[in-house]
Amino acid sequence: MNPVNYLYLAALLFTIGATGVLVRRNAIVVFMCIELMLNACNLSLIAFSRMHGNLDGQIIAFFTMVVAAAEVVVGLAIIVSLFRTRHSASVDDARLMKL
Amino acid sequence: MSFPLLTATAVLPALGAVATAAVPAARRTAAKWLALLVSLATLVLAVVVAVRFEPGGARYQLTETYEWIPAFGVRWELGVDGIGVALMLLTALLIPFIVLAGWHDADPLETRSKRWRPTQGFFALILMVEAMVILSFEATDVFLFYIFFEAMLIPMYFLIGGFGDRAHQGGEEAAATQRSYAAVKFLLYNLAGGLIMLAAVIGLYVAAGSFSLPDIVAARASGELEMGANTERLLFLGFFFAFAVKAPLWPLHTWLPNAMGEATAPVAVLITAVVDKVGTFAMLRFCLGLFPEASKWATPVVLVLALISIVYGALLAVGQRDIKRLVAYASISHFGFIILGIFVMTSQGQSGATLYMVNHGISTAALMLVAGFLISRRGSRLIADYGGVQKVAPVLAGTFLIGGLATLSLPGLAPFVSEFLVLVGAFARYPVVGIIATFGIVLAALYTLVLYQRTMTGPVKPELVKLPDLRVRELAVVAPLIALLIFLGVYPKPLTDLVNPAVRHTMSDVQEHDPEPEVEAAK
Amino acid sequence: MIALLIAAPLLGAAVLLCGGRRLDKAGHWIGTALAFVSFGLGAVLFAGLLGRGAEDRTLVQHLYSWVPVEGFQADVAFRLDQLSITFVLLITGVGSLIHVYSIGYMEHDERRRRFFGYLNLFLAAMLILVLADNYLLLYLGWEGVGLASYLLIGFWQHKPSAATAAKKAFLVNRVGDMGLSIAVMLMFTTFGTFAFTPVLDSVGAATSGAAAPVGEGTLTAIALMLLLAACGKSAQVPLQSWLGDAMEGPTPVSALIHAATMVTAGVYLIVRSGAIFDAAPDAQLVVTVVGAVTLIFGAIVGCAKDDIKKALAGSTMSQIGYMVLAAGLGPIGYAVAIMHLVTHGFFKAGLFLGAGSVMHGMNDEVDMRKYGGLRKYMPVTFVTFGLGYLAIIGFPGLSGFFSKDLIIEAAFAKGGVQGWILGTVTLVGAGITAYYMTRVMLMTFFGEERWRNLPAASPDAPDVEPAAGHGGVPHPHESPKVMTVPMIVLAFGSVFAGAFFGIGERFVHWLEPVTSFEHGHPPVSALTVTAATVTVMAIGVGLAWLHYGRRPVPVVAPRGSLLTRAARRDLYQDDFNHVVLVRGGEHLTRSLVYVDHTLVDGVVNGTAAGVGGLSSRMRRLQNGFARSYAVSMFGGTAVLVAATLLMRAV
Amino acid sequence: MNALAAYSTSTGEAVQFWILGTIAVLGALGTVFMKRAVHSALCLAGTMIVLAVFYLANGAYFLGIVQIVVYTGAIMMLFLFVVMLVGVTAADSLKETIRGQRWLALLCGLGFGALLVGGIGNATLTEFEGLAAANSGGNIQGLAALLFGKYVFAFEITGALLITAAVGAMVLTHRERTERAKTQRELAEERIRKGEYIPPLPAPGVYARHNAVDIAGLLPDGTPSELTVSATLRERGQIRDVSTEAIADLRALEQRSAERLERKPLDRQPRPGGSTELTRAEEAQQ
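Residue numbers (this note's numbering), protein chains in the order written: chain G, 108 to 206; chain A, 11 to 533; chain U, 4 to 653; chain D, 587 to 872.
Rather than coming from a laboratory, the hints here were simulated on the basis of the structure.
Fair warning: there could be bad hints in the mix.
Straight-line distance between alpha carbons at most 30 angstroms, and here's what the computed DSBU-like set of lysine-lysine pairs gives [claimed, not checked]:
no.: 1; chain 1: A; residue 1: K471; chain 2: U; residue 2: K162
no.: 2; chain 1: A; residue 1: K476; chain 2: U; residue 2: K28
no.: 3; chain 1: D; residue 1: K768; chain 2: D; residue 2: K780
no.: 4; chain 1: U; residue 1: K373; chain 2: U; residue 2: K162
no.: 5; chain 1: D; residue 1: K780; chain 2: D; residue 2: K736
no.: 6; chain 1: U; residue 1: K28; chain 2: A; residue 2: K401
no.: 7; chain 1: A; residue 1: K476; chain 2: U; residue 2: K162
Derived coverage of chain U by chain D (criterion: at least 3 residues anywhere in the stretch with Cβ under 8 angstroms from a Cβ of chain D; other residues may be distant) [claimed, not checked]:
no.: 8; stretch: 166-177
no.: 9; stretch: 519-526
Note that beta-carbon positions come from the ideal geometry of N, C-alpha and C, so glycine has one too.
Just chain G, with the same shape it has in the complex:
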């Protein structure tokens, strides 16, 4: 098997995640889909790391994880406070961008 398949898998997962972001309304699920995309990226990074024979890709993946963690923390906090004020976790309900 060619290890490039990992990249195909990563692309697939990424696309699925992106589509999920677009079609789901529940903010939590949207968030999970974003995590899925990040993970897909990580997978490709790690595959790259293996291809190039150095650890930089892994380092980047590591940073991605950290950033994702931070993002999740803040994002979920936002969701919670949104839910508190609006009693809904639907992204469509937050429509202040349209006047």
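Chains A, U and D: place on chain G using the hints.
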């Protein structure tokens, strides 16, 4: 390094603007006095500049150069030639009158209003405009000029949109709507022009590698800098469009009647007598200086547009029902003359155009400010609401008449000299153009006299019986302007001495010579 | 010295107009005094000129450089020579007399101070006009008198008719001014200057072949443009329409400006520019034609008007027609034209002052049909007016006889068919002059006293001056001394000036160095011409006597013949102007306003609306759903990736 | 041979890839399409564990473990907490409300995926170096060397980011009291003043079987009273209505007792004295 006189002349009103804006809300009157003092001090500085300027000396004098954005070669580069000095003087001269004329224009409706700040804002904005305009007359760096050319739109926008006539036939609401319409129109027109100019400014930098006007002109003259004909024409069009909007030239004029109609009279004067002059000034300095060949290439079209402006503006002025709009259209006609004078490429035409800028500023200021006093008394801008004013307010009517006569270029008043020079200059090169333009003087008489007849003569309208005559403050505004009109009408030599050398330089920029007379007259 | 001449009335105008109410009491005295000062200075200068040799009588005073621009030098310089001093004396002399007269005439007007201010302004401007040493300065005076005329015609501004008349006068004059400015421009492009001496000299040099020739076309153009200017100022056809309306002004104004001085400025201009006209025979022909047409036109109009001032205005037009015609004849006519101008200044001013005096005594009634038999009540007025009348119809021995006779002779002397035609026209004109002037005389001073049994009021009288409407039957009375004395002085002038000037061709020789003079050779002898003139005059008087002396004059004007009706309406010229120019102009401006609003502005507003419409469409895309935006971002990313890949692939 | 080895992996890894890859894709699809957030979270957790295995397989030992511990362990649990907070049973409607959104999303997704796949396919990925050399000193040591050497600034900044995120989360979720908390006395007084509901709120669950908080107590006529359930659950709509169940049970009980007591089956004739509590409850149900 000597004292940076030019910078100081511009920075003073700018600082004054900040200081005026910072005056506490309750001390309105102090703010007004401060603004007046600052404008007078600026006038003193401008006079010093004029005195220090030697008409026979170098082309640009009192120059200052500081590095500003070295990465793009943008420099704080100031310098004045005779034309710049003349227009700077005009600006510095008019602002005190504008301030004085607008003394009560931004007062709160309830006099006891403690937290009313727009008064300060009004005067601060006027001073800000003054600073910008003076800088645009001084800047010899194209980029620097562009910045002030555009930046003056911001205070002007607020002056037009924020302070209109108290009196409006459609009520306060309609006044506000039309005012904001006028302000937005003003802004959009000028921004559009400015953006195109920005593109041309960048293009110029690409083509010439410098923003410095004297450098580029010198390089072009010595042949070091070759510009393709097409490049030059495109750049010229970019610059010219912006200036034509500002000037304004037909068919880009429609913002002016709106803006002048809706703004208060002093602001209207600021627009037409001061700010618009930057447009015509820049045509003379930048269009002709930077792109002589393209200017000559465009001359036929520009002349036709100028002629249309002259006749069209005058005809429309005849058809107006609103005093201020009438003056606005008259100004369009006059700007046609100025542009005509610039582009006929004769010394007489260009000297005339420069004098015209100054004289038109003074005469329109006189006419418009008196009209403003009249309007503020009656609370209407419609000509039909007036009649017989001279019976009840003879001084007001008299000054209005003199302003009107100046507008129609009566010999003996300043605008005549300039208008005649423009006509002669035009006639010398293009007789037909000169003759058509001459029709403008008949039409000017028509709209002025019709206006005077309808408002000032005839039986007194019952609403006007108690109309007060000019007050001391108002007389203090008008009388010096009229005195100046008469003085410059009979003795324009100081001004022509200032302007002539600059015109000679411009003529050599475009490499044109005056047409020789057919016969050398017996001397 | 010359400058002082002008400065005196200018000072008066400035003081009186800026002085405010404090000067109301003394204003008229200041104005009059300064007019006399000016006259005195003029007399002194005249004496000085007399003391010099005939060829040495041109003084130029260069004050300062007015408009110095590259290649264009206009100076404030005055030129005193025989021609201008003649005018100076006429202007200041008649002007001073009329100042005196006005003291009485305007006594009850609360704005008398301003009236005198305007009069002084007029004097100053007129003096600048005649003393200027170049065409541009002349233009300054030219427009200055126009302004003064505007102010004075519209002096009773509260009357809409006066305001309209003033505006009309100014506008029609502006059309003429256009001609003057074009002429100046043409001179500038042709000669590089527009000072009198170089221009006229080089024209002379060019025509005599001493210098490079100037195209005759150019000279003709210059001459025609000057003629246009002259037409405007001197109320010649086709720009004559303003003069009749100008009678809305106070009568002294009509006398000074619209009879004696300003309207003759056109003649001055033509005579002054004689060299140019001499070099352009075509233009000269046009000048004579204009003069001849106006001569007849004015005379016909004068015959039909019932308003005494308008009848006199018609007469003025006609008389100036004579002068223009003479001026068009070239060197044989210039001096004669000026001579008629001066004598006309005396008698026409006298006539107007007389008319003013009549109006003064008749509650400012101007309709001659409501006069009649006034000689008993106003003897002084009657006598002075009568002398003026005799002068104007050319009664032998009086001044009009000399000057008019010379013009008729000169017209015949033009030679050829032209000469015969012009001569006949002038002769016929003399007859008509006699007719309408006799008519005026008879209707005013003779016949029954029609004013006694007038209907109580005449509310439909269109031209009632403001003091009118005291009601009741007027009580004709003689005017005060301050008014009659100037009339008497002018009557003296009307009687003796002609003889003084004419006998021995004194006047002609005085002017000769400036205008040049040559004797014409009329195809018939001078005596024949004189005889014919007198005959024609007698016929005119007789006809008028038949029409107005023998039978009573109806108070209400009869319908009259077609010609009478046309003449009452100024031969429909005003109607033509109204329909073609005013209406047409109104439509033009209105449609242009519409065009500006809908088309020019519409394009801009349309663009704005288009952008607005587009953006409101686009706004639907901005539905506020973050997911929707995310889709577009995602799509954008996809496009970017595709672009990158394609770039790679290429 | 050597070159070929670089192109391919061991068969074991291939098998593992195909099996686990399928699971990962299924998990991802589940994440997107599951109606309930809990299920989505679980699917995602599955995918992440699979990915962890892949990391390990690719020689990223440290990250594999971290993936399991941090991601699947901590982050996903955080998700679950929030899901619980928001309402675990709430099922989302998958009906699309924005016109065209789903199709556009699908189109973009497919297009993008195709582009990615195409891009990867196009890329000249000739060689796999393998991590043998890089990992020779131990994977963790290698990472550490990089992390504290080359990437030390990024690492520090990441630390700052984490701190910021923690503070941010606290700030976001913390509710500032804008006024003093009311004392019990004030609350009581307020309630009396309003006069809306003066007695204490009823306790939930009137039946012993159902003393869970989400079951509304029944009023005497058998209708459930929402007042008995806590406000949070009410807002989430998570009240379990057991009245039907209870009535059915009651009826069954009555039936059974009637059979045992050999009573006649209940006649449905309304008695003149009025209906029983039960029948009224039934009517209310209908």
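The hints, checked one at a time:
Restraint check: the Cα-Cα separation between K471 (chain A) and K162 (chain U) comes to about 13 angstroms, which is no more than 30 angstroms; the hinted pair holds. Proximity of K476 (chain A) to K28 (chain U) is assessed by CA-CA distance (about 25 angstroms); at most 30 angstroms being required, the pair is judged to hold. Simply put, K768 (chain D) and K780 (chain D) have alpha-carbon atoms about 16 angstroms apart, close enough for the 30 angstroms limit, and the pair holds. A C-alpha spacing of about 22 angstroms is found between K373 (chain U) and K162 (chain U), which places the hinted pair at or below 30 angstroms, so the restraint holds.
Annotation: proposed proximity of K780 (chain D) to K736 (chain D) is violated, straight-line Cα distance about 67 angstroms (limit 30 angstroms). Of the supplied pair hints, the one linking K28 (chain U) and K401 (chain A) holds, its CA atoms being roughly 19 angstroms apart against a limit of 30 angstroms. Restraint check: the Cα-Cα separation between K476 (chain A) and K162 (chain U) comes to about 20 angstroms, which is no more than 30 angstroms; the hinted pair holds. Note: the stretch 166-177 of chain U has 0 residues with beta-carbon separation from chain D under 8 angstroms; the three-residue rule is not met and the coverage is violated.
For the stretch 519-526 of chain U, the assignment as covered by chain D is violated, since 0 residues bring a beta-carbon within under 8 angstroms of that chain's beta-carbons and 3 are needed.
Figure legend: structure checked against the earlier numbered hints; hints not met, in rising order: 5, 8 and 9.
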